[in-house]
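Student: If you want our numbering, it's the position in the sequence shown, counting the first as 1, plus 2.
The hints are simulated quantities; they were obtained by calculation from the structure and are not laboratory data. Here a beta-carbon is modelled for each residue, glycine too, at the ideal position from N, C-alpha and C.
Computed beta-carbon distance windows for the label pairs: (1) G101 with Q156: 20 to 30 Å; (2) D216 with R392: 50 to 60 Å; (3) M388 with S247: 45 to 55 Å; (4) I77 with D330: 46 to 56 Å; (5) R36 with R95: 33 to 43 Å; (6) P358 with V262: 43 to 53 Å; (7) R347 with D176: 29 to 39 Å; (8) R237 with G101: 20 to 30 Å; (9) E357 with L100: 36 to 46 Å.
Derived DMTMM-like pairs (lysine to aspartate or glutamate); straight-line CA-CA distance at most 25 Å: (10) K372 with D88; (11) K5 with E381; (12) K261 with D176; (13) K5 with D88; (14) K372 with D176; (15) K5 with E374; (16) K81 with E98; (17) K372 with D330; (18) K261 with E374; (19) K261 with E40; (20) K372 with D179; (21) K5 with E326; (22) K5 with E177; (23) K81 with E245; (24) K81 with D118; (25) K81 with E121; (26) K5 with D330; (27) K261 with E177; (28) K5 with E376; (29) K372 with E177; (30) K372 with E326; (31) K81 with D149; (32) K81 with D216; (33) K261 with D54; (34) K261 with D43.
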Amino acid sequence: MLKPPHPVAVAAYLATMQLNPNNHSIDASAATTRMEHEVLDQLAAMFGYPADYMGHLTWSGTTANLEALWVSREIAPGKAIAHSADAHYTHSRMGEVLGIATVGIPTEADGRMSLDALERELATGRIGVVVATLGTTGLGAVDPLADIIPLARQHGARVHVDTAYGGFFAIIADELDPETARHFRAIAQADSVVVDPHKHGLQPYGCGAVLFNDQSILRFYHHESPYTYFASTERHFGEIQLECSRAGASAAALWATLKVFPLTMQGLGAIVLPGYRAAQTWHGLIAESDILQPYQRPELDIITYLPRVTSMSELDRVSHAIFEMAADTTRPQQTHLATYVVTPRQLTARGIDLEPDVERARIMRSVLMKPEHEPLIPEMHHHVSMWSRRAYEATH
Numbered sequence: 003m004l005k006p007p008h009p010v011a012v013a014a015y016l017a018t019m020q021l022n023p024n025n026h027s028i029d030a031s032a033a034t035t036r037m038e039h040e041v042l043d044q045l046a047a048m049f050g051y052p053a054d055y056m057g058h059l060t061w062s063g064t065t066a067n068l069e070a071l072w073v074s075r076e077i078a079p080g081k082a083i084a085h086s087a088d089a090h091y092t093h094s095r096m097g098e099v100l101g102i103a104t105v106g107i108p109t110e111a112d113g114r115m116s117l118d119a120l121e122r123e124l125a126t127g128r129i130g131v132v133v134a135t136l137g138t139t140g141l142g143a144v145d146p147l148a149d150i151i152p153l154a155r156q157h158g159a160r161v162h163v164d165t166a167y168g169g170f171f172a173i174i175a176d177e178l179d180p181e182t183a184r185h186f187r188a189i190a191q192a193d194s195v196v197v198d199p200h201k202h203g204l205q206p207y208g209c210g211a212v213l214f215n216d217q218s219i220l221r222f223y224h225h226e227s228p229y230t231y232f233a234s235t236e237r238h239f240g241e242i243q244l245e246c247s248r249a250g251a252s253a254a255a256l257w258a259t260l261k262v263f264p265l266t267m268q269g270l271g272a273i274v275l276p277g278y279r280a281a282q283t284w285h286g287l288i289a290e291s292d293i294l295q296p297y298q299r300p301e302l303d304i305i306t307y308l309p310r311v312t313s314m315s316e317l318d319r320v321s322h323a324i325f326e327m328a329a330d331t332t333r334p335q336q337t338h339l340a341t342y343v344v345t346p347r348q349l350t351a352r353g354i355d356l357e358p359d360v361e362r363a364r365i366m367r368s369v370l371m372k373p374e375h376e377p378l379i380p381e382m383h384h385h386v387s388m389w390s391r392r393a394y395e396a397t398h
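Model the full assembly from the supplied sequences, consistent with the hints where possible.
Tutor: Written out as structure tokens, the structure is:
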């Protein structure tokens, strides 16, 4: 999931760092504080949040998610966090940091959170917040947010959306599968949402953002300090965030980038859409292949696939051999691949039955988040198919 920052972002970041503003307080960041407010307004509008939202940029999606879960803990002390079993590993870690339990909800065959399993867990009364992931790190799967929200409301639980990876796909919702689009549009009804501009937003690390649907949570941030917040009657970001010092250069970089690529189909959408199309195209080629087969249909720009073999152990051997061939920088063909670990049960749920002679095996995973991936798909498919044949021959 590496994507170089846009030169506009780099130039704005480097220029601003020479002044080194600290967006903790207006005293130390008058210009970049205003820039941050402008980009936050645009992010809030992208998700359909109201004008009285609250939020700020962060160092990362992890920090942003931690803050949203901290607010949920303050609202419902002693209640647990429910998240998809495929959610980012940091959610369970943040539960440990916050001293509250986390519950992993099983997923369906499409990698989405099971609504039946969630409803059973909500019925226990112990869940304070449900985390819906819109774009899981492994599969790019989109949890059924539009259906999660009414279930959570029925049981008095908050809904937090972790769309650190997938958030900017909200711009191209009209181009997505209608069911996927329905869940992106439901973000407007969620209590909080996190997005990472340093992923699809063309920003350098680290730049995350957390937004809340209303300002009633401000009471949890109240603190007094005799040595800051003295230069303005406006609210300082330090008064509404867990972090203290935070580089204003991140706000300047995002502000400048959105001047060039606004959050529209013709702006940043034109950067995001090619990756989605590339994933759909490659998925189609893999489905027709005699050497490869899809693991599941991509919802965003992450595809997963595997060689056509007969056992789990064979799957792991061949997948590893493919990965090693792709990683060989001495080869003239360069297509970077990653792997994803699956179980026999997960494969069977997707209609792939292999001899379960080992408990887990690796399959292939490709993240197509760069616009230049789209025209390269035929070549990339050729490379991976060629390596798959060679790997199969080398391991048999």
